[in-house]
Amino acid sequence: MFTDLAAAADSPLLHNLNPEQRAAVTLPAGNALILAGAGSGKTRVLTTRIAWLLQTGQVSPGGILAVTFTNKAAKEMMTRLGAMLPVNVRGMWIGTFHGLCNRFLRAHWKLANLPSTFQILDTQDQLSAIKRLMKQFNVDDERFPAKQTQWFIAGAKEDGLRPRDVEARSDDDRKKVELYQLYEEQCQREGVVDFGELMLRSYELLRDNDPVREHYQRRFRHILIDEFQDTNRLQYAWIKMLSGTTAEGRFTPNDNSVIAVGDDDQSIYAFRGARVGNMADFVREFDVSHQIKLEQNYRSYSNILDSANALISHNTKRLGKNLRTDQGPGEPVRVYEATSDFAEAQWMVEEMRQLVRDGIDRKEMAVLYRSNAQSRVIETALFNAAVPYRVYGGLRFFERAEIKHALAYLRLLENKDDDTSFLRIVNFPPRGIGARSIEQLQDAARAAGRSMHDAVSAVGGKAGSNLTAFVAKIDVLREQTQGLSLREIIELVLDHSGLIEHYKADREGADRIENLEELVNAAESFVTQEGFGRDAVALPVDELRQAPASQGLDPNRPVLDEPLAPDAETGETLSPLAAFLTHAALESGDNQAQAGQDAVQLMTVHAAKGLEFDCVFITGMEEGLFPHENSMSDNASLEEERRLMYVAITRARQRLYMSHSQTRMLHGQTRYNLKSRFFDELPEGALKWLTPKNQGFTPSAFGYGGGYATTRGGAGGFSKDSFASPPVPPQKAAPSHGLRSGMQVFHNKFGEGTVTALEGSGDDARAQVNFPRHGVKWLALSVAKLTPV
DNA sequence: CTTTTGCTCCTTTTT
DNA sequence: GGAGCAAAAG
Numbered sequence: 129m130f131t132d133l134a135a136a137a138d139s140p141l142l143h144n145l146n147p148e149q150r151a152a153v154t155l156p157a158g159n160a161l162i163l164a165g166a167g168s169g170k171t172r173v174l175t176t177r178i179a180w181l182l183q184t185g186q187v188s189p190g191g192i193l194a195v196t197f198t199n200k201a202a203k204e205m206m207t208r209l210g211a212m213l214p215v216n217v218r219g220m221w222i223g224t225f226h227g228l229c230n231r232f233l234r235a236h237w238k239l240a241n242l243p244s245t246f247q248i249l250d251t252q253d254q255l256s257a258i259k260r261l262m263k264q265f266n267v268d269d270e271r272f273p274a275k276q277t278q279w280f281i282a283g284a285k286e287d288g289l290r291p292r293d294v295e296a297r298s299d300d301d302r303k304k305v306e307l308y309q310l311y312e313e314q315c316q317r318e319g320v321v322d323f324g325e326l327m328l329r330s331y332e333l334l335r336d337n338d339p340v341r342e343h344y345q346r347r348f349r350h351i352l353i354d355e356f357q358d359t360n361r362l363q364y365a366w367i368k369m370l371s372g373t374t375a376e377g378r379f380t381p382n383d384n385s386v387i388a389v390g391d392d393d394q395s396i397y398a399f400r401g402a403r404v405g406n407m408a409d410f411v412r413e414f415d416v417s418h419q420i421k422l423e424q425n426y427r428s429y430s431n432i433l434d435s436a437n438a439l440i441s442h443n444t445k446r447l448g449k450n451l452r453t454d455q456g457p458g459e460p461v462r463v464y465e466a467t468s469d470f471a472e473a474q475w476m477v478e479e480m481r482q483l484v485r486d487g488i489d490r491k492e493m494a495v496l497y498r499s500n501a502q503s504r505v506i507e508t509a510l511f512n513a514a515v516p517y518r519v520y521g522g523l524r525f526f527e528r529a530e531i532k533h534a535l536a537y538l539r540l541l542e543n544k545d546d547d548t549s550f551l552r553i554v555n556f557p558p559r560g561i562g563a564r565s566i567e568q569l570q571d572a573a574r575a576a577g578r579s580m581h582d583a584v585s586a587v588g589g590k591a592g593s594n595l596t597a598f599v600a601k602i603d604v605l606r607e608q609t610q611g612l613s614l615r616e617i618i619e620l621v622l623d624h625s626g627l628i629e630h631y632k633a634d635r636e637g638a639d640r641i642e643n644l645e646e647l648v649n650a651a652e653s654f655v656t657q658e659g660f661g662r663d664a665v666a667l668p669v670d671e672l673r674q675a676p677a678s679q680g681l682d683p684n685r686p687v688l689d690e691p692l693a694p695d696a697e698t699g700e701t702l703s704p705l706a707a708f709l710t711h712a713a714l715e716s717g718d719n720q721a722q723a724g725q726d727a728v729q730l731m732t733v734h735a736a737k738g739l740e741f742d743c744v745f746i747t748g749m750e751e752g753l754f755p756h757e758n759s760m761s762d763n764a765s766l767e768e769e770r771r772l773m774y775v776a777i778t779r780a781r782q783r784l785y786m787s788h789s790q791t792r793m794l795h796g797q798t799r800y801n802l803k804s805r806f807f808d809e810l811p812e813g814a815l816k817w818l819t820p821k822n823q824g825f826t827p828s829a830f831g832y833g834g835g836y837a838t839t840r841g842g843a844g845g846f847s848k849d850s851f852a853s854p855p856v857p858p859q860k861a862a863p864s865h866g867l868r869s870g871m872q873v874f875h876n877k878f879g880e881g882t883v884t885a886l887e888g889s890g891d892d893a894r895a896q897v898n899f900p901r902h903g904v905k906w907l908a909l910s911v912a913k914l915t916p917v
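With the working numbering, the residue at position 271 of the first sequence is 399, and numbering never jumps.
Errors might be hidden in some of the hints.
DEER-style ranges, computed between Cβ atoms [to be verified]:
#, residue 1, residue 2, range
1, Pro557, Glu332, 26 to 34 angstroms
2, Ala576, Lys601, 40 to 48 angstroms
3, Glu757, Glu423, 45 to 53 angstroms
4, Gly448, Thr915, 41 to 49 angstroms
5, Gly405, Arg378, 53 to 61 angstroms
6, His143, Val187, 15 to 23 angstroms
7, Lys877, His418, 48 to 56 angstroms
8, Arg606, Glu423, 53 to 61 angstroms
9, Leu142, Glu423, 15 to 23 angstroms
10, Arg606, Arg574, 23 to 31 angstroms
11, Arg292, Asp762, 27 to 35 angstroms
12, Ala575, Asp293, 28 to 36 angstroms
13, Thr207, Arg615, 20 to 28 angstroms
14, Arg574, Asn512, 36 to 44 angstroms
The list that follows gives simulated cross-link-like pairs (lysine-lysine, BS3-like), each with its CA atoms no further than 30 angstroms apart [what the hints assert, rightly or not]:
#, residue 1, residue 2
15, Lys203, Lys421
16, Lys532, Lys259
17, Lys200, Lys275
18, Lys275, Lys259
19, Lys200, Lys491
20, Lys590, Lys532
21, Lys632, Lys532
22, Lys303, Lys263
23, Lys263, Lys491
24, Lys263, Lys532
25, Lys200, Lys532
It should be emphasised that the hints constitute simulated quantities derived from the structure, not laboratory data. Every residue, glycine too, gets a C-beta built ideally from N, C-alpha and C.
The whole structure should be built from the sequences, with the hints applied where relevant.
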């Protein structure tokens with residue numbers, strides 16, 4: 129360890145860093161903002177910073193708090209750090225916001241007013257809990273869709289608001305606040321917390337408990353936050369609590385150092401509460417003394433980078449940043465116009481085959497799209513061409529129905545009051561407990577103010593005996609699993625729950641059984657990785673010894689230095705089962721990890737953030753899709769779409785393709801789309817149009833009969849019949865209004881547009897029209913005056 | 001009580 | 001086009 133910083137300037141850690149990176153790594157104490165562009169070595173800077181702080185003795189491992197958004201990012205940080213320094217990374221507070229809050233609440237569950245066995249609700253569980261609640265209170269789900277209520281509650285929590293804090297402006301709002309209140313009571317009764325609650329509870333405990341707050345403020349000397357542009361109000365407030373809020377609730381930056389790393393141009397999560405404004409607030413409220421911009425890009429050639437820079441310069445609200453590269457221009461960005469989504473996929477497959485022939489690995493090719501629904505056509509094309517591919521997104525391992533069923537049994541063993549889990553499995557596998565019995569039980573439970581588990585005895589008759597048998601089974605299982613290893617517990621539960629048997633009887637149950645077996649493996653590797661049975665190593669944290677025991681901060685107990693450290697007094701430790709259930713809730717697991725195989729990667733642009741590939745295809749670049757039609761009306765969301773496109777472009781190292789299609793099947797209907805406005809925002813010099821530059825769908829395009837040119841001869845292997853002839857718009861019998869799909873029409877307000885669909889007849893007749901500047905509209909023909917052009 | 005059929009709604013997503 | 005869910009048939 130270095131004793132003085134002068135000697136440390138030669139540290140091997142700092143080798144191969146550019147001046148900006150080096151400045152960021154060696155920042156003096158104080159609050160700082162690092163604007164890190166795409167591909168500028170952000171993660172490297174963050175981890176090196178931590179390693180540097182430790183190596184120069186400026187802080188001990190226990191004094192570091194590093195927060196990320198995804199488990200993947202946290203894991204990567206720990207791996208890299210472990211490679212740089214011989215340090216016990218697991219003892220450090222590196223993790224996701226939610227993971228760290230969970231750790232915090234597990235340690236202070238009593239102060240947080242939670243049962244020690246509290247369970248975590250994921251989004252699915254939360255929705256079903258809300259549905260159950262709304263049914264119980266006879267809320268009209270037409271007027272208040274459960275999804276909307278869920279959105280309302282999650283949104284309130286992201287803003288740090290409890291029901292009493294929410295300002296209700298309408299009767300509907302008041303009803304939602306009431307539901308929020310009832311939902312909270314239900315969660316508290318059942319001993320469960322949702323994701324937002326993990327954050328909010330932690331925040332409130334820090335806010336309301338002076339010794340706890342002061343303890344952690346003293347402890348965390350260096351706080352580092354990754355992807356700062358994605359933080360929401362509550363997360364920002366949480367950071368302020370940890371770094372200098374006083375008992376009076378005033379915030380003054382103290383001598384902790386907070387380093388926020390982010391890129392306002394890559395803020396793509398405003399729709400779920402992220403607040404880019406936190407960056408500006410941070411600079412102001414934390415008296416930021418240093419701002420560093422990392423603009424040197426090590427990823428892409430300049431044609432790609434120029435495109436990204438040009439595009440994003442159309443956004444008005446920016447902190448200002450321009451990526452540069454030392455690499456040459458590289459390949460031009462290739463643009464392709466297809467006649468249909470099917471043809472677009474065909475073209476892509478051919479292009480990929482050529483790339484493979486050129487020696488590029490399939491796993492270095494990514495297909496990006498705006499929404500998941502777009503993947504199907506592409507999958508079909510890849511499948512038919514026998515090109516291996518892997519789709520990200522969709523159901524993750526711990527979200528699969530059979531896994532959730534198994535977990536529900538396990539959760540009930542831990543926490544019998546978890547009614548969400550109870551309901552999920554009370555009649556699964558079917559055991560003769562129908563809707564009526566369940567309703568009876570729910571009524572009884574509500575009347576007695578108990579959980580469903582505890583209210584079973586109040587239900588008589590045949591229904592009652594089935595229920596009693598079920599509860600008895602759970603209770604027996606709980607007894608039987610005492611003292612067993614995690615693996616044995618799960619095997620026992622799978623066996624005695626009847627799940628395996630049930631799926632064996634099902635013709636299509638083989639996959640599900642396989643997944644259940646995989647659950648046993650997941651548990652097994654969890655146990656090994658988390659180091660159960662290994663002695664927890666407590667790190668010296670001197671501050672801790674001054675904390676008063678009365679506040680639950682036992683001076684002799686190394687609070688939270690190890691996630692699973694046993695309680696010093698009772699020797700009590702989080703059971704492996706409890707830890708595994710937490711793990712399952714917080715890390716929904718990889719999708720289907722067919723890792724290792726050389727396969728083309730398919731994912732949404734959102735999912736691609738943080739990744740990079742040699743070749744990237746951005747597909748479906750059409751008005752209404754990208755930018756998405758729901759985001760075209762107001763400028764703020766349009767700018768977010770543009771940032772999304774910026775993220776997509778900057779994923780590519782060497783080759784970038786963009787494609788759009790004249791027609792596309794969407795919701796079982798053919799749509800005619802114009803090419804994306806984003807094309808107009810790219811530098812013409814960096815582009816190469818593989819097809820004649822065009823408008824996207826126009827009626828005249830139908831007259832264009834020639835096969836489209838492709839870049840190389842080699843790519844022409846597709847059958848001409850499959851798509852070379854332009855699609856013919858559906859010729860429905862012309863109704864009285866005389867409009868047809870594909871027609872150019874004029875509207876007084878919206879100007880010229882293209883009819884893309886027709887529906888109904890007579891007075892109900894409606895037309896879908898795509899207006900270049902106003903987007904896609906449905907117009908009632910009895911009202912709207914449309915004149916053919 | 002369970003299975004089947006018909007009807008509705010469709011962003012983006014991590015925790 | 002297809003998942004998810006509620007009413008109707010078995």
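Evaluation of the provided hints:
no.	hint	result
1	Pro557 with Glu332: 26 to 34 angstroms	violated, 41 angstroms
2	Ala576 with Lys601: 40 to 48 angstroms	violated, 22 angstroms
3	Glu757 with Glu423: 45 to 53 angstroms	violated, 34 angstroms
4	Gly448 with Thr915: 41 to 49 angstroms	holds, 46 angstroms
5	Gly405 with Arg378: 53 to 61 angstroms	violated, 21 angstroms
6	His143 with Val187: 15 to 23 angstroms	holds, 22 angstroms
7	Lys877 with His418: 48 to 56 angstroms	holds, 51 angstroms
8	Arg606 with Glu423: 53 to 61 angstroms	holds, 58 angstroms
9	Leu142 with Glu423: 15 to 23 angstroms	holds, 19 angstroms
10	Arg606 with Arg574: 23 to 31 angstroms	holds, 24 angstroms
11	Arg292 with Asp762: 27 to 35 angstroms	holds, 31 angstroms
12	Ala575 with Asp293: 28 to 36 angstroms	holds, 31 angstroms
13	Thr207 with Arg615: 20 to 28 angstroms	holds, 26 angstroms
14	Arg574 with Asn512: 36 to 44 angstroms	violated, 54 angstroms
15	Lys203 with Lys421	holds, 25 angstroms
16	Lys532 with Lys259	holds, 18 angstroms
17	Lys200 with Lys275	holds, 28 angstroms
18	Lys275 with Lys259	holds, 9 angstroms
19	Lys200 with Lys491	holds, 19 angstroms
20	Lys590 with Lys532	holds, 28 angstroms
21	Lys632 with Lys532	holds, 18 angstroms
22	Lys303 with Lys263	holds, 14 angstroms
23	Lys263 with Lys491	violated, 47 angstroms
24	Lys263 with Lys532	holds, 22 angstroms
25	Lys200 with Lys532	holds, 22 angstroms
Against the hints set out earlier in the document, violations occur for numbers 1, 2, 3, 5, 14, 23.
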